[in-house]
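J.: Listed below, chain by chain, are the residues.
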Amino acid sequence: MTINTLAKGGWNREQMACFRKMERVIVAMQDPDMGMKMRNQRLLITVIPHAMTGRDIIDWLMQKYNICEEEALHVGGMLVKYGYIYPLKEPRSLVLRPDESPYRFQTPYFWTSTRWPASELDYAIYLAKKNIRKQGELMEYEKERYSVLHKRINHTWDFVVMQAREQLRASKQRRKADRIVLECQEQAYWLINRPPPGSPNVLDMGLDKPNNFSSRVTLNSDYYKTEIENCKRALGRNRVKSSICLEGFVKYSEQYLNHDPIMQGCLPSNPWISDDTAHWTMNADMVPIPTRLRVERWSFSFVELLNDPMGRREFMTYLEKEFSAENLCFWQACEDVRHGENSRIVEKVEEIYKNFLAPGAARWVNIDSKTMDKTLEGIRHPHRFVMDDAQMHIYFLMKKDSYPRYLKSDLYKNMLAKAIVPQETKKSVFPFMRRQRHASPSPAQAARHGIEEDGQAKGGSQAAANSGGGSHT
Amino acid sequence: MAAEKAEMDALKKECDGLRAQIEAARKAVNDSSMSGAAGGVASVGRVQLKLRKTLKGHLAKIYAMHWSADSRQMVSASQDGKLLIWDTFTGNKLVAVPLKSAWVMSVAFAPSGNLVASGGLDNMCTVYNIKAASPKTLRELDAHTGYLSCCRFLSDSEILTASGDTTCCLWDLETGKQKIIFTNHIGDCMSLALSGDMNTFISGACDSLAKLWDLREGTCKQTFSGHTSDINAISFFPSGNAVITGSDDCSCKMYDLRSDQEVIGYQDTSLNAGVTSLALSNSGRLIFAGYDDFNCHIWDSLKGEKVGVLSGHDNRVSCTGVPEDGMGVCTGSWDSFLKLWN
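So the sequence lines, in the order shown, correspond to chains A and B.
481 is the number that the working numbering gives to position 178 of the first sequence; each next residue is one higher, with no gaps.
103 is the number that the working numbering gives to position 97 of the second sequence; each next residue is one higher, with no gaps.
To be clear, the hints were calculated from the coordinates, so they are not data collected in a lab.
On a predicted model such as this, the values are computed, not experimentally measured, just so you know.
C-beta atoms are modelled at their ideal positions from N, C-alpha and C, and glycine is treated no differently.
Be aware that one or more of the hints could be misleading.
What the hints assert, rightly or not - Now the stretches of chain A that chain B is said to cover, found in silico as 3 or more residues with beta-carbon under 8 angstroms:
hint, region
1, 518–525
2, 540–550
3, 561–569
4, 587–594
5, 631–645
Turn these sequences into a full structure, and let the hints guide you.
T.: Listed below in structure tokens is the structure:
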């Protein structure tokens, strides 16, 4: 049974896909041959047929899906939480107890998925019935909701009362046992669909967003004028051929494959798996000797080199040898203007002018005259992006000239040669502490083959292994 | 009245004409497909990540999480009215920030690690200093007229926000004032992502459009369409040349910035749940997308195939994140737990 949202074109989005899965389990549980063995349960002086104990449910789930008790309790608990099985004792406590507590299957008529979402009218009729039957003994929150509904759907109130009376009359003609069963089923349905205040609402779907287009925006002429400007600008942009772009993505993921710990693992070990922080220590911002992968990354792009504090320091050392360190210093100073506090922009720009741009400056940078003129003009009214053009010019100067030469230099080559390639951490001595370094089979597979894993006891499930992998409170 | 209508019709017509021209320009450079380009790439096979840690501590639905730049700390926000800052390695909670409003929808960690920000149905973005002896409210950024759906720090001085009022906004944290307001979306903005060089950012909204904005000029540079419902999640491909989006229409898409068009879609007939969040592995090869069906599905970004699933949550996966060092992926869920996988 699928529940669809208002299909907004394209795919029908399914709400609560879990219901379909739960219903499959429920149907299996009720299979005449392989399903649960039911019995009669005594409720006070009445005998309720087709009931089972919490213990029965857990045992059946464990046996059928080859899972441990913890997981069976968890799955069974969800079946109760969503109303597919309901408790006969303490109906408001929607939990699965692993003991002799009696439970019953909810009838498909009252499955949440059968009537989604639950209607106000039906709720009003239900409350009206309760009101009449128990002669006004609704719970406090039910009384509140009843009066709210009475106001809201006042125009159909006669119908509500009439329906309630009719349903009560019909039920009086049933056997007492059936009547009690139906009342329990109906109560269970409404406990899920209209939970009492304070209980979690398992059917909460989150924020109700307006359908697609916001009422705040009026598509007036101003909007279209802006759109036209945007489109003109967008039209004029340079578009690169798809083939070149797509090749770029392929190349990028290939180049970074060894630098992707999820894809290829990492040396000496992934701290999440081995609980060993060696990898982080070796790759801290400043280390005596960096790892090889890190130094290799500096050759991937100029951005990679500059983003790494160690890489930047190495590059600075190289530039000092070439007597062009002022370029990197200038670039760094410009970055500081771009990303620093607004209040300090004026003073920082002045510093930059004094050190790098003024005639005869100590670390004068070589910018073309057009950019220099534009920058000097802009400095008179400094703002965050005033140094952008000059910074870009120096950036490309370094990228096209100094950076390629750095990669060919002895300084870089030596760094690469002495860079560390960490040894993979030896597996732990104690077998039960050993964790899998690489991916493990999926839970479904593990259930099918009953794979023994990492020294866990036989019959233990993947779930147990997963939660054993380190739950922290 | 008639003159106004005539003017509007003329403007609409001009707009449609320009859009058609843009489509034509896009077609003109479309000389290849992703399946063609990635044809020679080896398949990743079945990706099976294992659950490494479960972080328990929140008492209600988790709506958002964000990694710190140190790849070890992480902040999560829950509708129990708390932000929790975790040391994910030990599983310890380092700081708990009580929120004035429990209806939080987004949280962010500043690159410096000094500040966190959060916001939601209170329409505000509140910035906290977490390095103080006890978390101190630094700023309350209060100008949006709709809920705060996403926020991201550029530095300790600037922050970007996306809001249900259809705008995104760049704020100066020193003054607490808005610097630039980015208007063009016609639906609630749901998500944003900052480019590596911080010159641009991308936003996804309920109008099913993804937009690329210039942070300096405040203008919309590119618009991408194709989704048929709200875009809930958006991220850059690590090279910075593409945008990945996740939507309520049950699909994800990759849009290439340089050729200015959609290059591949990620959808499967068996997946009928909306995408809530997404994150990419460091090489960009794997996309981790959180769905309403309680799972996080893994896609091969180049081949467009579903290659794995992270199952274990009892309710919707509301947020996903991969830390900078790429060690693994974190999923946060309405079941109040955060799980770390690799």
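J.: Hint by hint, say whether it matches the structure.
T.: Hints, one by one, checked against the model:
no., hint, in the structure
1, 518–525, "holds (count 5)"
2, 540–550, "holds (count 10)"
3, 561–569, "holds (count 6)"
4, 587–594, "violated (count 0)"
5, 631–645, "holds (count 5)"
In terms of the numbered hints stated before, the structure departs from hint 4 and from no other.
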